[in-house]
Amino acid sequence: MSESPAAPASTGATRTVTTDHTADTAVPIAAGDRVVFKHPSIALIGVALFAVCLAPIVGPWTVGRSVDGSTAGVGAAVLGWALLVIPVLLALWILRVRTVIGPDGVRSVRVLRATTIAWDEMSGIRIGNNGAVYAVRADGSEVRLPAVTISQLPRVAAASGGRIPDVTAE
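Taking my numbering, I'd label the letters of the sequence shown as residues 3 to 172.
Since the hints were made in silico from the structure, they are not lab data. Please read these numbers as outputs of a predicted model, since none were measured by experiment. We treat Cβ as the ideally placed atom computed from N, Cα and C, and that holds for glycine. Please note that the accuracy of each hint is not assured.
Claimed, not checked - For each label pair, taking beta carbons as the anchor points, the in silico distance ranges come out as:
hint : residue 1 : residue 2 : range
1    : L81       : P30       : 23 to 31 Å
2    : P156      : L46       : 49 to 57 Å
3    : P30       : F52       : 33 to 41 Å
4    : S43       : A84       : 25 to 33 Å
5    : S125      : G66       : 56 to 64 Å
6    : T20       : A171      : 17 to 25 Å
7    : A50       : V99       : 16 to 24 Å
8    : T20       : D122      : 21 to 29 Å
9    : T170      : A45       : 53 to 61 Å
10   : I59       : S125      : 29 to 37 Å
Input sequences plus hints: build the corresponding full structure.
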């Protein structure tokens, strides 16, 4: 978790607190903070290992050879290059996907798009069967909150300034 100052808001300075599931309680969250929930950067090591394991298999294909050394067709070369794109897409997903909770509302950032929900548009949260957390709008539509887990709901409640209740508290 890291803390970095953000630009001052109209009511005072707003802190940005970033949490990535590694040390969820290292920096306390106060109402008015901008909290970024993201995937841990250490997950990139898994992507790098996947790329290293994939390279000996698809590497010869990219230069027109099959694994046994014989000549491969154009289809194998295309397949080789296409398979090497997978680790790049996984790394992009890890680095880009996040949920930002701040004084303005909740922002769900996906790879290609982002959805912002203002606090007055939001009616609550829903926990899915698979443990996914969804923001529920007043009209009933739902937006998934990526990188937010059930164990982080107390921090979500603190970041929302009480607008989202801590459903895990007893």
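Hints, one by one, checked against the model:
Between L81 and P30 the CB atoms are about 50 Å apart, so this pair departs from the stated range of 23 to 31 Å. A beta carbon spacing of about 27 Å between P156 and L46 contradicts the range 49 to 57 Å that was offered as a hint. Under the hint 33 to 41 Å, the C-beta atoms of P30 and F52, about 36 Å apart, fit the expected range. At roughly 26 Å, the beta carbons of S43 and A84 sit within the given window of 25 to 33 Å.
Look at S125 against G66: about 57 Å separates their beta carbons, and that is inside 56 to 64 Å. Remark: the range hint 17 to 25 Å for T20 to A171 is upheld by a beta-carbon distance near 24 Å. Our hint of 16 to 24 Å for A50 and V99 holds, since their Cβ atoms are close to 18 Å apart. For the hinted restraint 21 to 29 Å between T20 and D122, the CB-CB distance of approximately 26 Å keeps it satisfied.
With their beta carbons about 24 Å apart, T170 and A45 fall outside the hinted range of 53 to 61 Å. For I59 paired with S125, a C-beta distance near 49 Å fails the hint of 29 to 37 Å.
Checked against the numbered hints given earlier, the structure breaks hints 1, 2, 9, 10 and satisfies all the rest.
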